[in-house]
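> Once you've looked at the hints, dock chain B against the given chain L.
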Amino acid sequence: MKPNRRDFLKTSGALIIGFSAGALRVTRAQGPLQGSPSMNQLDSWIAIAADGSITAYSGKEELGQGISTAQQQLVAEELSVPFNRVKLIYCDTAFTPDQAHTSGSQSHPTNFNTGNLAQAGATAREVLFRMASEKLGVPVEQLTVSEGVISSGSKRMTYGQLVGGKKFSLALDPKARRKPATEWTVLGKSIPRPDLPDLVTGRFEFVHNVRLPGMLHGRVVRPPSVGATVASVDESSVAGVPGVVKVVVKKNFVGVVAEKPWQAIQAAAHLKVTWNPGPALPDQATIYDALRKQPARDTLLVDSGDVDQKLSGATVLKATYLHPYQMHGSMGSSCAVADVQGEKATIYSATQAVWYQKNTSAMILGLKPENIRVIFRRGSGCYGVNGADTVTYDALVLSQAVSKPVRVQLTRRDEMAFENYGPAYVIDQRASVDSNGNITAWDHESWSPGLGGRPGTNTPGNIITGSLLGFQPAAFSPRSPAPAPGAFNNNSNGVPSYLASGTGTVQSGRVLTHAVESRFFTGPLRSPARLQNTFAHESFMDELAARVKADPVEYRLRHLRDARLKEVLQAAAKTANWESRPSPKPGNRGTGVAGGRGAACVLYEGDNGYTALVAEIEVNQDTGQIVVKRMVASSDVGPISNPDGLGNQVEGGALQGLSRALGEEVTWDNEKVTSVDWRTYHSLPLGFEVPKIEAVLINRTEGEVMGAGETSITLVAAAIGNAIFDATGVRLREVPFTAERIKAALATRG
Amino acid sequence: MKSCPTKITLIDDMAITLKVNGRTHTLDLDPATPLLYALSDDLQLNGPKFGCGLGQCGACTVIVKGQAVRSCVTTVKSVEGSDITTLEGLGTPEKPHPIQQAFVDEHAAQCGFCLNGVIMTAKAFLDKNPKATEAEIEQAMSGVLCRCFTNVRMLRAIGRYAR
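If you read the protein sequences in the order shown, they are chains L and B.
Per this note's numbering, the very first residue in the first sequence carries number 1; after that it's consecutive.
Per this note's numbering, the very first residue in the second sequence carries number 1; after that it's consecutive.
Okay, chain L solo, but in the shape it has when bound (with noise of 0.2 angstroms):
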């Protein structure tokens, strides 16, 4: 994997990107960027008013996930006092501590542990138990709390009399006790988001909907594709346009401020720019090829050592599995709203990262860190990184040329052809099996191409707009031969589950990647590398399987050790009423309308989320076309803090992995994106025949807090795929599974 494709973030307040071989987790090398609220201090985190109401802060913002809500059961939970009496602020660099992203399924595992947010309200709780035993006379052993109420008998003190409006100037104490999941009230509710009503009248101000006094409208002019450069502009061509402010042009940024938002639509439409085109991009239909001929920066996963001696003279199974680039494709092209007066700024943005755009903000705008407050407003739904970053910087770009507050709002081709797009991949996969039927060794050989990425805390030129001002994406640097594997982690998945060095059994394994480069900028996308690989595992495993005719379920759970793994795999099998058969299903006549099933299973990055998916689907055999009858998706994400926000979640995820198996691919000529609207980038809409969705909970109230944002969605073209092998005999190695690919291969067929 290329350095800081993924900027993951297992702990909070991460600063340093320390990119181990091979994983795409960082390590925390120190604490939050200058300027935040201290991470060990109480009142960073929570502020109690005088009539007792509760202020938590968080770095961990509302995307449209539910976390916001959970955070508010955390903090209402650990302090004894009804939902509604917290309020919950989030991501304002001007209030709010610097936990970095809000990503990689990383909320819940940071906030709902032994750390920050959860810790905060342990800590609180067990102060203000102290502050009434020494105002009550009263041993702490002796007191209890109710709505946040500390009484003994007809003794009592609200939080609001013993601390109310001082602060608590104590560190978090990591001793303090958080209350276990047995005793929750309020945690593991499915308490509804409060945002909802507001939501669905139209009250609800999103990023798009903030409006400043004397604010004017921005529009960018794109490049066709990116690497082109700005031969010229002509000003002149927009003299005619009403409502004219300014026209910018900043190395190859090109931008136009208007009073109105039409009025800056048709300035940009006007606008004469010649562009020196950039190289041309390389040929669609070959780049699968091509990939694995760059020069590559290479990385071993795990290496046993022994896998060649393994497979050779044994029975060796191989396969080539191939995943588009694909996007995030939000619903609403991005919006930022700037205000860059003289040597001060303050940003309305949907980053994920309040606290590293400052400091790319700064960057870009040439001012200091400290004179610039970025406050989070939510956006349309983001899956890792959209265009909400870049289309912060062509506000403060613009405002900036201006002085004034400007917004700024993406076409949608703007949006589509310049985003961080999930990368492509290329995955060899060999394996050999005794006589038995098991597997003996598994060798992966993985090729993807990475360009940019989050701009974390120093990389403006990780996205399009601070690559056109001149900043540079994240240097690559080719390397071959891997050096040896590090300490083992499976944060990317590339490892199979079924290896004894993860969550199986199997001693002999290799996993061998190449980061490449890529000419499109590529991010984060939902289950980025997790979702490629785990196709090309579960994909491949089921073929293990029907090569030994063995059922693909207990195929895998003879190679699985990890009994939440295996638990979680029988959950969504029992469920769905699995019938223990190898696949192909008998008795199909190769035409007319064939059923089929596919599982997949996986320990989300080998530590953040079990989760097991079965998929039902019909297929017909005349057309290519198949129907998804029913997914059964089943998690174990330790306990849960709001089981509907978990099920709407994994249902999300679900049929998101659907649009992306069956129909999402980035598309490209020899000079430009092509897949620039919803006419050419193929998403399911809202109403299509949607399969019955089981969500499948296993509640562990004991143990860590896992992610869940990521889970169901990295498995669905595998069990999918396998399901159409399930039906029809057939297996497609490509994504997307096009009713045109699925026709051309029934049609291979004997």
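Simulated from the structure, these hints should not be mistaken for laboratory data.
Glycine residues also receive a C-beta, built at the ideal position from the N, C-alpha and C atoms.
One or more of the hints may lead you astray.
Said to hold, decoys possible - To give a feel for the contact side, a few chain L residues facing chain B, derived at Cβ under 7 angstroms: (1) 141; (2) 184; (3) 194; (4) 202.
Said to hold, decoys possible - Computed Cβ-Cβ distance ranges for the label pairs, DEER-style: (5) B:54 x L:315: 48 to 58 angstroms; (6) L:692 x B:93: 28 to 38 angstroms; (7) B:11 x L:591: 53 to 63 angstroms; (8) B:93 x L:185: 22 to 32 angstroms; (9) B:17 x L:279: 51 to 61 angstroms; (10) B:93 x L:214: 24 to 34 angstroms.
To be verified - Straight-line alpha carbon distances no greater than 20 angstroms define the calculated EDC-like cross-link-like pairs of lysine to aspartate or glutamate that follow: (11) L:155 x L:43; (12) L:189 x B:105; (13) L:692 x B:106; (14) L:574 x L:607; (15) L:189 x B:106; (16) L:167 x L:43; (17) L:585 x L:551; (18) L:629 x B:136; (19) L:260 x B:28; (20) B:95 x L:198; (21) L:692 x B:136; (22) L:404 x B:42; (23) L:260 x B:13; (24) L:166 x L:126; (25) B:131 x L:689; (26) L:692 x B:138; (27) L:692 x B:134; (28) L:585 x L:622; (29) L:566 x L:689; (30) B:95 x L:51; (31) L:629 x B:134; (32) L:175 x L:195; (33) L:260 x B:41; (34) L:629 x B:138; (35) L:404 x B:13; (36) B:19 x B:80.
Using the frame of chain L, we list chain B on its own:
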């Protein structure tokens, strides 16, 4: 290589009268202005949203004379004097319309950006087709996007309202 400027004929602003959510507004606008900009900028409504600007996703949908209309590709001139209803015109958080309440009851949202298009399209369709089947509702919603893929809950909410 040149970017290809869209052919736009510039016309002077003129007084345009829009009837939105029961109130009449007279605005100075280029008559070719898409209705969406008049609603979201001039009238400062948050309901209708810019999703694609191409009439492909539904985020900008409003109801004009009972029809779901894509306001990003509808000029202000073409709807002058017509009754225009936006998401705000259906109900408020305090007093939501039954279809809005159905979405609250079903917890039918993730980011929520698409909700305007989903609710307005469904309402216009069901008002005309109150006995629509599940398959007909799916068909009616096939031109609307939710990229968080909250389909299950949203279709359930629409079904709840339909009943």
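> For each hint, tell me whether it holds in the structure or not.
Here's how the hints hold up against the structure:
1. 141: Violated, about 40 angstroms.
2. 184: violated, 20 angstroms
3. 194: Violated - the Cβ of residue 194 of chain L stays beyond 7 angstroms from chain B, reaching only about 10 angstroms at its closest.
4. 202: This hint holds: residue 202 of chain L lies near chain B, its Cβ roughly 3 angstroms from the closest one there, short of 7 angstroms.
5. B:54 x L:315: 48 to 58 angstroms: Taking Cβ atoms as reference, residue 54 of chain B and residue 315 of chain L lie about 53 angstroms apart, which means the hint holds.
6. L:692 x B:93: 28 to 38 angstroms: At roughly 32 angstroms between Cβ atoms, residue 93 of chain B and residue 692 of chain L fall inside 28 to 38 angstroms, so the hint holds.
7. B:11 x L:591: 53 to 63 angstroms: With a Cβ separation near 59 angstroms, residue 11 of chain B and residue 591 of chain L satisfy 53 to 63 angstroms, so the hint holds.
8. B:93 x L:185: 22 to 32 angstroms: holds, 27 angstroms
9. B:17 x L:279: 51 to 61 angstroms: holds, 53 angstroms
10. B:93 x L:214: 24 to 34 angstroms: holds, 29 angstroms
11. L:155 x L:43: violated, 27 angstroms
12. L:189 x B:105: Holds. Residue 189 of chain L to residue 105 of chain B sits at ~16 angstroms (cutoff 20 angstroms).
13. L:692 x B:106: holds, 16 angstroms
14. L:574 x L:607: The hint is violated at about 24 angstroms.
15. L:189 x B:106: Answer holds: residue 189 of chain L to residue 106 of chain B is near 15 angstroms, not above 20 angstroms.
16. L:167 x L:43: It holds: about 6 angstroms lies between the C-alpha atoms, which stays within 20 angstroms.
17. L:585 x L:551: holds, 11 angstroms
18. L:629 x B:136: holds, 18 angstroms
19. L:260 x B:28: Holds - the C-alpha atoms of residue 28 of chain B and residue 260 of chain L are around 12 angstroms apart, at most 20 angstroms.
20. B:95 x L:198: Holds, at about 11 angstroms.
21. L:692 x B:136: holds, 17 angstroms
22. L:404 x B:42: It holds: about 19 angstroms lies between the C-alpha atoms, which stays within 20 angstroms.
23. L:260 x B:13: holds, 12 angstroms
24. L:166 x L:126: holds, 17 angstroms
25. B:131 x L:689: Answer holds: residue 131 of chain B to residue 689 of chain L is near 19 angstroms, not above 20 angstroms.
26. L:692 x B:138: holds, 14 angstroms
27. L:692 x B:134: holds, 13 angstroms
28. L:585 x L:622: holds, 18 angstroms
29. L:566 x L:689: violated, 31 angstroms
30. B:95 x L:51: Violated, because 29 angstroms separates the two Cα atoms, which is more than 20 angstroms.
31. L:629 x B:134: At roughly 15 angstroms apart (the allowed maximum being 20 angstroms), residue 134 of chain B and residue 629 of chain L satisfy the hint.
32. L:175 x L:195: violated, 34 angstroms
33. L:260 x B:41: With Cα atoms ~8 angstroms apart, residue 260 of chain L and residue 41 of chain B stay inside 20 angstroms; holds.
34. L:629 x B:138: Holds, at about 15 angstroms.
35. L:404 x B:13: violated, 24 angstroms
36. B:19 x B:80: holds, 8 angstroms
Violated hints, in rising order: 1, 2, 3, 11, 14, 29, 30, 32 and 35; the structure is consistent with all others.
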